[in-house]
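Letter by letter, the chains look like this.
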Amino acid sequence: DAKTTQPTSMDCAEGRAANLPCNHSTISGNEYVYWYRQIHSQGPQYIIHGLKNNETNEMASLIITEDRKSSTLILPHATLRDTAVYYCIVRVGATPLVFGKGTRLSVIA
Amino acid sequence: DTAVSQTPKYLVTQMGNDKSIKCEQNLGHDTMYWYKQDSKKFLKIMFSYNNKELIINETVPNRFSPKSPDKAHLNLHINSLELGDSAVYFCASSQRAGGTDTQYFGPGTRLTVL
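Protein chains in written order, with our numbering: chain A, 1 to 109; chain B, 1001 to 1114.
By construction, these hints were calculated from the structure, which means they are not laboratory data. For glycine and all other residues, C-beta sits at the position ideal for the given N, C-alpha and C. Be careful, since some hints might not be right.
Stretch-level coverage of chain A by chain B, calculated; a stretch enters the list once three of its residues show a Cβ under 8 Å from a Cβ in chain B [as the list claims (entries may be wrong)]:
| id | stretch |
| --- | --- |
| 1 | 43-57 |
| 2 | 93-100 |
Chain B side only, calculated, beta carbon under 10 Å to chain A, not exhaustive [what the hints assert, rightly or not]:
| id | residue |
| --- | --- |
| 3 | Y1033 |
| 4 | Q1037 |
| 5 | K1041 |
| 6 | F1042 |
| 7 | L1043 |
| 8 | S1048 |
| 9 | V1088 |
| 10 | C1091 |
| 11 | S1094 |
| 12 | Q1095 |
| 13 | R1096 |
| 14 | Q1103 |
Work out the full structure: start from the sequences and follow the hints.
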């Protein structure tokens, strides 16, 4: 079972930042936070991951709270192509991904 | 230069038939996976292979048999197909580095059993 809680859906205006929250209150010290997304009819796509420090790459930023019980994925300038289901996953090592229901992000023009 | 490819993309077949789905990765990864996404859109791990050896086998019927002829390929053979096998099947691959990994997924194979 997924160890994370995410809102079912969110809307974001095109060009604005999309902030997707995730609660993982039972995360253990050696578990990483991963974010993947699935655009309609495509395979899941890796976005970013982190352990305790904030991370940034060309796609997004990941902000992890100091107690590590929650995190936020930030898409700085959302486009229509960012419309997808976003999955927040906690996992240790190279174990298989356990997907929950995710957040359906709709970017609106 | 597709990283993880699957064939076929769509597969429609009758109950009771046997079918195979092929997966290939050109990333040089050691580990490959099969995931199943059912009609309710839940993605679940089925199998994981590392260097051609089975390391994870979730509760999957014996009718499903993965085969890894080499590190770059992981095929899924399904015997005696049932209606409930209708789903999208995703292959993925990864390379462990620093105690963790990033999985790269294929485009999926949509299986419809009639």
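Supplied contact hint for B/V1088, tested at 10 Å Cβ to chain A: holds, 8 Å
Minimum beta-carbon distance criterion (10 Å), B/F1042 to chain A: With a closest approach of 7 Å, the B/F1042 hint holds.
Interface hint outcome for B/L1043 [beta carbon to chain A under 10 Å]: Hint holds; B/L1043 Cβ to chain A Cβ min 4 Å, cut 10 Å.
Hint status (Cβ of B/Q1103 to nearest Cβ of chain A, threshold 10 Å): With Cβ-Cβ at 6 Å, under 10 Å, it holds.
Cut-off 10 Å, beta-carbon criterion: hint that B/C1091 touches chain A: holds, 8 Å
Chain A contact restraint for B/K1041 - C-beta distance below 10 Å: holds, 8 Å
Hint status (Cβ of B/Y1033 to nearest Cβ of chain A, threshold 10 Å): Holds - the Cβ of B/Y1033 comes within 10 Å of chain A, reaching about 6 Å at its closest.
Hint status (Cβ of B/Q1037 to nearest Cβ of chain A, threshold 10 Å): holds, 9 Å
Hint check, B/Q1095 versus chain A [nearest Cβ-Cβ separation less than 10 Å]: holds, 9 Å
B/R1096 as chain A interface residue, shortest Cβ-Cβ below 10 Å: holds, 4 Å
Chain A contact restraint on B/S1048 - CB to CB distance below 10 Å: At 6 Å from the nearest chain A Cβ, B/S1048 passes the 10 Å test, so the hint holds.
B/S1094 as an interface hint toward chain A, with CB separation required under 10 Å: holds, 7 Å
When held up to the earlier numbered hints, the structure conflicts with none and fits them all.
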